[in-house]
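Per my numbering, the very first residue in the sequence shown carries number 149; after that it's consecutive.
What the hints contain is simulated information worked out from the structure, not anything from laboratory work. Every value quoted in this text rests on a predicted model; they were computed, and no experiment measured them. Heads up, the beta-carbon is just placed ideally off N, CA and C, and yes, glycines get one too. Keep in mind that a hint or two might mislead.
In silico PhoX-like cross-links for lysine-lysine, where the CA-CA straight-line distance does not exceed 25 Å [claimed, not checked]:
1) Lys188 to Lys248
2) Lys201 to Lys248
3) Lys201 to Lys168
The following label-pair restraints were derived from C-beta to C-beta distances [claimed, not checked]:
4) Glu186 to Gly230: 40 to 50 Å
5) Ala244 to Val221: 13 to 23 Å
6) Ala207 to Gly230: 34 to 44 Å
7) Asn208 to Thr232: 14 to 24 Å
8) Pro191 to Gln223: 22 to 32 Å
9) Gly230 to Ala210: 38 to 48 Å
10) Asn189 to Ile164: 19 to 29 Å
11) Thr228 to Met149: 12 to 22 Å
12) Ile152 to Glu186: 12 to 22 Å
13) Glu186 to Asp241: 36 to 46 Å
14) His192 to Gly242: 17 to 27 Å
15) His233 to Glu186: 32 to 42 Å
16) Glu169 to Gln223: 36 to 46 Å
17) Tyr226 to Asp183: 30 to 40 Å
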Amino acid sequence: MQNIAEFHIIGRIGRIDATKEVTHLSVAANYNRRDGNEWKNDPHWNRVTLFGKLRDRLANAATGDLVRITGRVRQTSYETDGTTHYCVDMIADGLAILAKASGKPADEDVGE
149 MQNIAEFHII GRIGRIDATK EVTHLSVAAN YNRRDGNEWK NDPHWNRVTL
199 FGKLRDRLAN AATGDLVRIT GRVRQTSYET DGTTHYCVDM IADGLAILAK
249 ASGKPADEDV GE
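Take these sequences, add in the hints, and give me the full structure.
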(Lines of atoms letter the chains of each structure in order from A and count residues from 1; the text may use other names and numbers.)
(Lines give C-alpha, C1' and ligand atoms only; values in the text may rest on other atoms or scores of the structure.)
Protein backbone atom coordinates (compact mmCIF):
# COMPACT_ATOMS: atom_id res chain seq x y z
CA MET A 1 0.00 0.00 0.00
CA GLN A 2 1.28 3.44 -0.93
CA ASN A 3 1.44 6.06 1.82
CA ILE A 4 0.46 9.56 0.75
CA ALA A 5 0.33 13.09 2.07
CA GLU A 6 -2.06 15.26 0.08
CA PHE A 7 -3.92 18.56 0.23
CA HIS A 8 -7.14 20.06 -1.11
CA ILE A 9 -7.63 23.85 -1.21
CA ILE A 10 -10.59 25.91 -2.39
CA GLY A 11 -9.69 29.58 -2.29
CA ARG A 12 -8.98 32.82 -4.13
CA ILE A 13 -5.78 33.55 -6.04
CA GLY A 14 -3.73 36.27 -4.42
CA ARG A 15 -0.54 36.25 -6.47
CA ILE A 16 0.97 34.39 -9.42
CA ASP A 17 4.78 34.20 -9.60
CA ALA A 18 5.88 32.54 -12.84
CA THR A 19 9.46 31.69 -13.74
CA LYS A 20 10.83 29.73 -16.70
CA GLU A 21 10.37 26.30 -15.08
CA VAL A 22 7.86 26.68 -12.25
CA THR A 23 4.93 28.81 -11.10
CA HIS A 24 4.17 29.62 -7.47
CA LEU A 25 0.58 30.49 -6.66
CA SER A 26 -0.61 32.15 -3.45
CA VAL A 27 -4.13 31.03 -2.57
CA ALA A 28 -6.22 32.35 0.35
CA ALA A 29 -8.54 29.87 2.03
CA ASN A 30 -10.96 31.67 4.36
CA TYR A 31 -12.00 30.38 7.75
CA ASN A 32 -14.47 31.93 10.15
CA ARG A 33 -13.43 32.51 13.74
CA ARG A 34 -15.24 33.91 16.70
CA ASP A 35 -13.96 37.13 18.27
CA GLY A 36 -16.10 37.78 21.32
CA ASN A 37 -19.69 37.81 20.06
CA GLU A 38 -18.72 38.47 16.45
CA TRP A 39 -17.60 36.16 13.65
CA LYS A 40 -14.62 37.33 11.64
CA ASN A 41 -13.12 36.16 8.38
CA ASP A 42 -9.61 34.73 8.88
CA PRO A 43 -7.76 34.10 5.60
CA HIS A 44 -4.93 31.55 5.55
CA TRP A 45 -2.42 31.96 2.71
CA ASN A 46 -1.04 28.87 1.01
CA ARG A 47 1.83 28.79 -1.47
CA VAL A 48 1.36 26.10 -4.11
CA THR A 49 3.93 25.03 -6.73
CA LEU A 50 2.79 24.18 -10.28
CA PHE A 51 4.69 22.47 -13.08
CA GLY A 52 3.96 21.53 -16.71
CA LYS A 53 0.41 21.55 -18.02
CA LEU A 54 -1.04 23.00 -14.82
CA ARG A 55 0.96 26.15 -15.52
CA ASP A 56 -0.77 26.40 -18.91
CA ARG A 57 -4.18 26.37 -17.21
CA LEU A 58 -3.21 29.52 -15.32
CA ALA A 59 -3.19 31.49 -18.58
CA ASN A 60 -6.95 31.95 -18.04
CA ALA A 61 -6.64 32.74 -14.32
CA ALA A 62 -6.26 36.09 -12.58
CA THR A 63 -6.00 37.50 -9.08
CA GLY A 64 -9.25 37.04 -7.21
CA ASP A 65 -10.42 33.96 -9.15
CA LEU A 66 -11.82 31.09 -7.09
CA VAL A 67 -9.81 27.89 -7.65
CA ARG A 68 -9.77 24.30 -6.45
CA ILE A 69 -6.30 22.78 -6.15
CA THR A 70 -5.32 19.27 -5.14
CA GLY A 71 -1.85 17.88 -4.75
CA ARG A 72 0.83 16.30 -2.64
CA VAL A 73 2.78 17.55 0.34
CA ARG A 74 6.56 17.24 0.44
CA GLN A 75 8.83 18.13 3.35
CA THR A 76 12.28 19.48 2.59
CA SER A 77 15.19 20.99 4.48
CA TYR A 78 18.27 22.98 3.67
CA GLU A 79 21.19 24.37 5.65
CA THR A 80 22.43 27.95 5.69
CA ASP A 81 25.28 29.19 7.91
CA GLY A 82 25.05 26.09 10.09
CA THR A 83 21.30 26.45 10.64
CA THR A 84 18.87 23.88 9.27
CA HIS A 85 15.66 25.29 7.79
CA TYR A 86 12.60 23.07 7.29
CA CYS A 87 9.93 23.64 4.63
CA VAL A 88 6.68 22.10 3.50
CA ASP A 89 6.12 22.22 -0.26
CA MET A 90 2.63 21.91 -1.71
CA ILE A 91 2.96 20.49 -5.25
CA ALA A 92 -0.22 20.75 -7.37
CA ASP A 93 -1.53 17.70 -9.22
CA GLY A 94 -4.91 19.19 -10.16
CA LEU A 95 -6.25 22.70 -10.77
CA ALA A 96 -9.73 23.95 -11.65
CA ILE A 97 -10.93 27.54 -11.97
CA LEU A 98 -14.36 27.56 -10.30
CA ALA A 99 -15.36 31.22 -10.71
CA LYS A 100 -13.84 34.42 -12.04
CA ALA A 101 -13.20 37.35 -9.72
CA SER A 102 -16.13 39.09 -11.46
CA GLY A 103 -18.42 36.47 -9.91
CA LYS A 104 -19.16 34.69 -13.21
CA PRO A 105 -18.68 30.92 -13.46
CA ALA A 106 -15.33 30.17 -15.09
CA ASP A 107 -16.87 28.67 -18.24
CA GLU A 108 -18.83 31.88 -19.03
CA ASP A 109 -15.62 33.81 -19.65
CA VAL A 110 -14.37 31.43 -22.35
CA GLY A 111 -13.80 33.38 -25.55
CA GLU A 112 -13.79 36.82 -23.93
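May I ask you to test the hint 14 to 24 Å on the CB atoms belonging to asparagine 208 and threonine 232?
-> violated (40 Å)
Cβ-Cβ distance between threonine 228 and methionine 149: within 12 to 22 Å?
-> violated (37 Å)
Is the straight-line distance between the alpha-carbon of lysine 188 and that of lysine 248 25 Å or less?
-> This hinted pair holds, its Cα atoms lying about 24 Å apart.
Proposed proximity, lysine 248 with lysine 201 (alpha carbon, max 25 Å) | At roughly 20 Å apart (the allowed maximum being 25 Å), lysine 248 and lysine 201 satisfy the hint.
Mind checking the hinted window 34 to 44 Å against the Cβ distance between alanine 207 and glycine 230?
-> Since the Cβ atoms of alanine 207 and glycine 230 sit about 43 Å apart, the hinted range of 34 to 44 Å holds.
Take the C-beta atom of glutamate 169 and the C-beta atom of glutamine 223, compute their distance, and say whether it sits inside 36 to 46 Å.
-> violated (21 Å)
Quick one: are proline 191 and glutamine 223 within 22 to 32 Å, going by C-beta?
-> holds (24 Å)
At the C-beta level, are histidine 233 and glutamate 186 separated by a distance inside 32 to 42 Å?
-> Since histidine 233 and glutamate 186 have Cβ atoms about 38 Å apart, the given range 32 to 42 Å holds.
Could one say that the CB atoms of glutamate 186 and aspartate 241 fall in the range 36 to 46 Å?
-> At 38 Å between Cβs, range holds.
Is 12 to 22 Å a correct range for the gap between the Cβ atoms of isoleucine 152 and glutamate 186?
-> violated (39 Å)
So the hint says 19 to 29 Å: do the beta-carbon atoms of asparagine 189 and isoleucine 164 match that?
-> The hint (19 to 29 Å, Cβ to Cβ) holds, given that asparagine 189 and isoleucine 164 are roughly 22 Å apart.
Within 25 Å, alpha carbon to alpha carbon, are lysine 201 and lysine 168?
-> holds (13 Å)
Violated hints, listed in ascending order, are 7, 11, 12, 16; each of the other numbered hints is respected by the structure.
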